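A.B. asks: What follows is the residue order along each chain.
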Amino acid sequence: MNRAVAQREVALVDLVDRLLGGGVVIAGDITLSVADVDLVYVSLRALVSSVATAEEKNILPAMGDAL
Amino acid sequence: MIELYAITDDPAPPEAPVRAVTCDGLAVLCAPAEEREVTPDDLWRFEEVVERLMEGRDLLPVRFGTLVSDERAAARAVAERRDELVAGLERVRGAVELAVRADRRDRPEPPERSPSGREYMRAKARRLEGARLIHQSLAARARESVVQPGPEALRAAYLVGRDEVEDFIALVRRLQREHREMDLVCTGPWPPYSFSPGSGA
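Residue numbers (my numbering), protein chains in the order written: chain A, 35 to 101; chain B, 6 to 206.
Derived from the structure by calculation, the hints contain no laboratory data. Because the structure is a prediction, the values reported are computed rather than measured. All C-beta atoms, glycine included, are put in the ideal place defined by N, C-alpha and C. Don't take each hint at face value.
[Stated by the list, open to error] Not everything, but these chain A residues come out facing chain B in the computed CB check (under 7 Å):
no., residue
1, Leu49
2, Gly57
3, Val59
[Said to hold, decoys possible] If the Cβ cut is set under 7 Å, some of the chain A residues that face chain B in the computed set are:
no., residue
4, Ala45
5, Asp48
6, Arg52
7, Leu53
8, Leu54
9, Gly56
10, Val58
11, Ile60
Produce the entire structure from the sequences given, and follow the hints as far as they go.
C.D. replies: If you want it as structure tokens, here you go:
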């Protein structure tokens with residue numbers, strides 16, 4: 035895994051947190067259903083947990099490198 | 006269908022294909038939505054658009070996946086919550102978000118695999134104490150902070166002035182040196198997702 039890819043994977047956890055759990059929630063005419071969002075979350079969860087595993091094994095860059 | 010990216014009160018027009026739909030002093034930054042399967046690359050693409058918009062203006066990012074039927078619907082959605090969005094923009098004015106996660110390098114084994122329950126509890130207490138000290142130092146340097154749920158001892162977001170980002174990162178590096186038993190990961194700067202109305206912060 036090259037460095038840029040590794041950093042992107044480290045940041046993916048934060049990206050998912052933010053895009054799917056943060057931001058302004060516009061009520062009303064949303065047509066992308068909640069079910070679809072849940073599906074996105076589920077499909078990403080596998081990736082996220084693989085990142086967590088990599089971090090535990092300490093093979094990803096530590097603090098600061100992901101900046 | 007159009008996809009909403011952000012809300013701003015900055016009058017500067019965005020780069021195509023993003024358009025500004027204005028409504029009583031606010032603008033919704035949006036673009037035609039494409040039919041697609043949603044993948045991590047789509048999340049990054051959305052993030053790149055919002056980050057580019059954030060370079061020149063203060064904004065509130067809209068939650069990923071918000072599609073509306075047309076520009077009139079976009080303007081209506083903003084008009085309904087105008088006061089809240091104006092206050093939200095004031096809150097994040099001149100600031101960005103930094104994400105920090107921290108955990109012990111030697112994450113304690115669960116009690117059933119650990120030599121003794123007492124040892125596990127001690128390890129857990131040390132882990133949480135390290136996280137608490139790190140968060141305390143970072144929060145003191147940020148405008149606002151929010152601790153978020155996650156498997157780590159600390160997962161948090163900090164709202165930091167654009168001109169204070171370097172100082173904040175220097176502090177993260179210092180804390181990493183002072184807490185060698187902890188692993189710190191800091192990412193950003195992010196648009197202020199965790200400090201937008203509706204994000205729970």
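A.B. asks: State the violated hints by number, sorted upward, taking the hints as numbered earlier in the document.
C.D. replies: none
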